[in-house]
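Could you build the full structure based on these sequences and the hints that come with them?
Just so you know, we're using my numbering here: the sequence shown kicks off at 22 and counts up by one.
Since the hints were made in silico from the structure, they are not lab data.
None of the values given here were measured: they were computed from a predicted structure.
For glycine and all other residues, C-beta sits at the position ideal for the given N, C-alpha and C.
Treat the hints with care, since some could be wrong.
[Claimed, not checked] The following label-pair restraints were derived from C-beta to C-beta distances: (1) 143 / 509: 40 to 50 Å; (2) 141 / 322: 24 to 34 Å; (3) 141 / 420: 24 to 34 Å; (4) 273 / 547: 19 to 29 Å; (5) 108 / 663: 52 to 62 Å; (6) 52 / 505: 26 to 36 Å; (7) 108 / 245: 47 to 57 Å; (8) 259 / 441: 24 to 34 Å; (9) 713 / 520: 36 to 46 Å; (10) 274 / 528: 47 to 57 Å; (11) 151 / 707: 31 to 41 Å; (12) 706 / 786: 16 to 26 Å.
[Said to hold, decoys possible] Derived lysine-lysine pairs resembling DSS-like cross-links, with alpha carbons at most 25 Å apart: (13) 783 / 329; (14) 707 / 748; (15) 704 / 638; (16) 577 / 491; (17) 555 / 491; (18) 474 / 78; (19) 555 / 572.
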Amino acid sequence: MPKPSYQKDFYLNIDDLPLIVGGPILRRTEQDAVTVWLALKEPRLVTLRVYSTEEGKGAELDKLLLEGRQTTVQLGRHLHLVAVTAQPIENVRLKSGQIYAYDMLLGESQEHIVTALNSQDLNATISYFSHQLPTFSLPPDDLDRLRIVHGSCRKPHGGELDLLPCLDFLIQQSAHLPDERPHQLFLTGDQIYGDDVADPFLWAASAVGKALLGWEENLPLQQGHVEASQLKPGQRSKIAEVEGGFTAMLHGKSAKAKSHLFSFGEYAAIYLFAWSSVLLLHNFPSGKTLCPNRKSARRWEKEVSAIKDFTITLWQVRRALANVPTYTICDDHDISDDWYLNREWCDRVLSKPLGRRVIQNGLLAYALFQAWGNTPEQFADGQPGAKLLSAVEKWSAAEGTDAFAWEEIARYLGIPPINSETGLPELESDEDVLVLVRDAEALRWHYHLRTSKHEVIVLDTRTWRGYPTKSNKDTAPPMLLSPTALTRQLQTPLEQTDKLEPDGKGKIEATIVVIPTNLVTLSLIDLIQRFSLKGDRVFSNDVGDSWNFNKEAFNKLLLCLCQRRERVVIISGDIHYSCAVRISHWFRFPTQASVLVQLTSSAIKNSELSTRLVHTKIKSLFPEPTENWVGWQEPLRLVKLPHRHSYWRQLFPWHSNKQKPWQTEIGDEQSPPDWQYRIEWIKREKAHSLNWEEQPSSVKSRFTFWQQITRSLVSWLWRNRWLQEGKEVVGRNNLSVVRLQQFQQGTDPAVIQETYWHPPWKSTSTVKSRYFVSLNSDLPSSESKL
Numbered sequence: 022m023p024k025p026s027y028q029k030d031f032y033l034n035i036d037d038l039p040l041i042v043g044g045p046i047l048r049r050t051e052q053d054a055v056t057v058w059l060a061l062k063e064p065r066l067v068t069l070r071v072y073s074t075e076e077g078k079g080a081e082l083d084k085l086l087l088e089g090r091q092t093t094v095q096l097g098r099h100l101h102l103v104a105v106t107a108q109p110i111e112n113v114r115l116k117s118g119q120i121y122a123y124d125m126l127l128g129e130s131q132e133h134i135v136t137a138l139n140s141q142d143l144n145a146t147i148s149y150f151s152h153q154l155p156t157f158s159l160p161p162d163d164l165d166r167l168r169i170v171h172g173s174c175r176k177p178h179g180g181e182l183d184l185l186p187c188l189d190f191l192i193q194q195s196a197h198l199p200d201e202r203p204h205q206l207f208l209t210g211d212q213i214y215g216d217d218v219a220d221p222f223l224w225a226a227s228a229v230g231k232a233l234l235g236w237e238e239n240l241p242l243q244q245g246h247v248e249a250s251q252l253k254p255g256q257r258s259k260i261a262e263v264e265g266g267f268t269a270m271l272h273g274k275s276a277k278a279k280s281h282l283f284s285f286g287e288y289a290a291i292y293l294f295a296w297s298s299v300l301l302l303h304n305f306p307s308g309k310t311l312c313p314n315r316k317s318a319r320r321w322e323k324e325v326s327a328i329k330d331f332t333i334t335l336w337q338v339r340r341a342l343a344n345v346p347t348y349t350i351c352d353d354h355d356i357s358d359d360w361y362l363n364r365e366w367c368d369r370v371l372s373k374p375l376g377r378r379v380i381q382n383g384l385l386a387y388a389l390f391q392a393w394g395n396t397p398e399q400f401a402d403g404q405p406g407a408k409l410l411s412a413v414e415k416w417s418a419a420e421g422t423d424a425f426a427w428e429e430i431a432r433y434l435g436i437p438p439i440n441s442e443t444g445l446p447e448l449e450s451d452e453d454v455l456v457l458v459r460d461a462e463a464l465r466w467h468y469h470l471r472t473s474k475h476e477v478i479v480l481d482t483r484t485w486r487g488y489p490t491k492s493n494k495d496t497a498p499p500m501l502l503s504p505t506a507l508t509r510q511l512q513t514p515l516e517q518t519d520k521l522e523p524d525g526k527g528k529i530e531a532t533i534v535v536i537p538t539n540l541v542t543l544s545l546i547d548l549i550q551r552f553s554l555k556g557d558r559v560f561s562n563d564v565g566d567s568w569n570f571n572k573e574a575f576n577k578l579l580l581c582l583c584q585r586r587e588r589v590v591i592i593s594g595d596i597h598y599s600c601a602v603r604i605s606h607w608f609r610f611p612t613q614a615s616v617l618v619q620l621t622s623s624a625i626k627n628s629e630l631s632t633r634l635v636h637t638k639i640k641s642l643f644p645e646p647t648e649n650w651v652g653w654q655e656p657l658r659l660v661k662l663p664h665r666h667s668y669w670r671q672l673f674p675w676h677s678n679k680q681k682p683w684q685t686e687i688g689d690e691q692s693p694p695d696w697q698y699r700i701e702w703i704k705r706e707k708a709h710s711l712n713w714e715e716q717p718s719s720v721k722s723r724f725t726f727w728q729q730i731t732r733s734l735v736s737w738l739w740r741n742r743w744l745q746e747g748k749e750v751v752g753r754n755n756l757s758v759v760r761l762q763q764f765q766q767g768t769d770p771a772v773i774q775e776t777y778w779h780p781p782w783k784s785t786s787t788v789k790s791r792y793f794v795s796l797n798s799d800l801p802s803s804e805s806k807l
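See the structure below:
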């Protein structure tokens, strides 16, 4: 008789936990406001205090400068969240070139944060100084000293070691230097994976979520309701597909959704697991005693091993996130794979009770655990965020049975209503595309930041998509930003910045745009996706998530940026490798040149065999070609200039017809293009070893003698440093630092991305690869010149 699946219970003793079960995480940080996010096991009035330090070096506390108070929001019996914002107590503003420290006082007893972090079994550290308080510094006025860290895609059981602990090393080595330590961290999507979850993680999350909430959510299925804990780890793929309409498991990938998150408690627990080991201070049981068969037991043990590696360095992740202003934006896996990818996905998932419930649970968790800290002003009294928090408290107090509160939550999250006649989500027209209907009071996930010298605009390319009306297929690639979204998210912030200088508020010298999905991808990936699109297998390769699949949207984005800025740095993630791409753009009339640089850093923890292959010199055999494009405004039209023209003219100039490539392509000499652009892939420089402490690993492999001999030989060949020094991308887990060079002097400006990764020849050490990209605008080649 087979053993029941996952029969042992996870036991969480709330009394043994410290008061703080998540955080602190330093969030939006400006000259006149500092926000810190915190998760507690009990309700408290939380006071945030920000101090200057002696000589601005961080070692000794000086004066109290900012203060703020906020009462926690009750999500459950033992889960209370708060994002508290401190503001000046006098007419004072924080300055660059200084290190500031902050403390948090909890409740009437004014318990300090250091005490509230610890328990009998836990001795947490969140500081780099003897005063034991976290610190930070604002972005410097000298842009040459600005340090921006970014990365995406962090799956706890993903391939290889986690790179987010690298941030702890970066802060530690310059903690006392305000202009050298990291100033901003951007996590550009997939901070958690709602669909692809390890069985042991779901097993723990299910129990922890239930214990923290004090109640269990009933999930709607076609035949009634079921408690979330009855849907066991490793057995959820079919339920996710049939009952929820999800797509992660399609095309033979059932394992991708075998432990899909469903309940709000599960999503909340996974966030807490991702940022701290407080709730993971236990040993997972053996797969032999828990799983129904050998195959699932082996998978369990493998995933437990990966989770242990992930957990070992969580103390570093926790300390780092407390000491650098952290900003995030959602991508699909924060909710589920392919979230809002195309119109078909929206119809199939949002029309199903379980699908809609899971989307709302995931988006609610995103709002509370991520978005609150990005835009705390949206959660101030009277604002939509505050109304959301009130509705959440009512829903949780009723143990998930308050239908009116649940509908209010959907409204504030921007979940589209269902059409009573079709049973499908409501859409509305936005010029020539359709967008999901959202309430006027719905929270916005996009936002922008401005310092004295640079601006950062963070785009939401998930919930503002424009679905084509002219295509007869609902799987057609969408506009990642509808026309209205492009105006609100990008054009308006750029124009607002332009108004600052005439108003005497200073000149912004650098523009950075955070876009979760890439403008340009590897040609091989592009080819595979186009093949998948023709075969109507769009859900297997994220077809439609790259900007270049919808040329109209791609060029509207380029035009919006290039008409308003000469230089733009684009930060992106999503694609599980790090790279740098330079886009040179020229307008014919009026004559104007711009440079856009796309800097990608991914994955923090989710490397795959395919990305590890393109990381090597094998990929150098097939380098990315330089592409030249021309375009016309009315009607919108694009033409890619083939390489054969220039080569043919160089080899056989007497055969040339004296025409320019665009004239040959369109056969019309009287309609010169309105603009053109060139796409170039930047070479990565040779990796440099760093004298950092080695990352710990719990992995212990056991092989026979001959297996060990064979593996050693293959390993030696594969891990050879020469082979691993590819020319274009870093396909290993990575985290990147972005720096600007000679920006203020106005001569030879450049942007540099330093990408950190663990080399296979010594996987517990760290190396750094550099991309150097000129921001000087140049002229198009004579062959492609308009």
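Status of each hint after checking the structure:
{"no.": "1", "hint": "143 / 509: 40 to 50 Å", "result": "holds (44 Å)"}
{"no.": "2", "hint": "141 / 322: 24 to 34 Å", "result": "holds (30 Å)"}
{"no.": "3", "hint": "141 / 420: 24 to 34 Å", "result": "holds (31 Å)"}
{"no.": "4", "hint": "273 / 547: 19 to 29 Å", "result": "holds (22 Å)"}
{"no.": "5", "hint": "108 / 663: 52 to 62 Å", "result": "holds (58 Å)"}
{"no.": "6", "hint": "52 / 505: 26 to 36 Å", "result": "holds (31 Å)"}
{"no.": "7", "hint": "108 / 245: 47 to 57 Å", "result": "holds (50 Å)"}
{"no.": "8", "hint": "259 / 441: 24 to 34 Å", "result": "holds (29 Å)"}
{"no.": "9", "hint": "713 / 520: 36 to 46 Å", "result": "holds (45 Å)"}
{"no.": "10", "hint": "274 / 528: 47 to 57 Å", "result": "holds (50 Å)"}
{"no.": "11", "hint": "151 / 707: 31 to 41 Å", "result": "holds (39 Å)"}
{"no.": "12", "hint": "706 / 786: 16 to 26 Å", "result": "holds (18 Å)"}
{"no.": "13", "hint": "783 / 329", "result": "holds (19 Å)"}
{"no.": "14", "hint": "707 / 748", "result": "holds (8 Å)"}
{"no.": "15", "hint": "704 / 638", "result": "holds (12 Å)"}
{"no.": "16", "hint": "577 / 491", "result": "holds (18 Å)"}
{"no.": "17", "hint": "555 / 491", "result": "holds (17 Å)"}
{"no.": "18", "hint": "474 / 78", "result": "holds (22 Å)"}
{"no.": "19", "hint": "555 / 572", "result": "holds (17 Å)"}
In the structure shown, no violation is registered for any of the earlier numbered hints.
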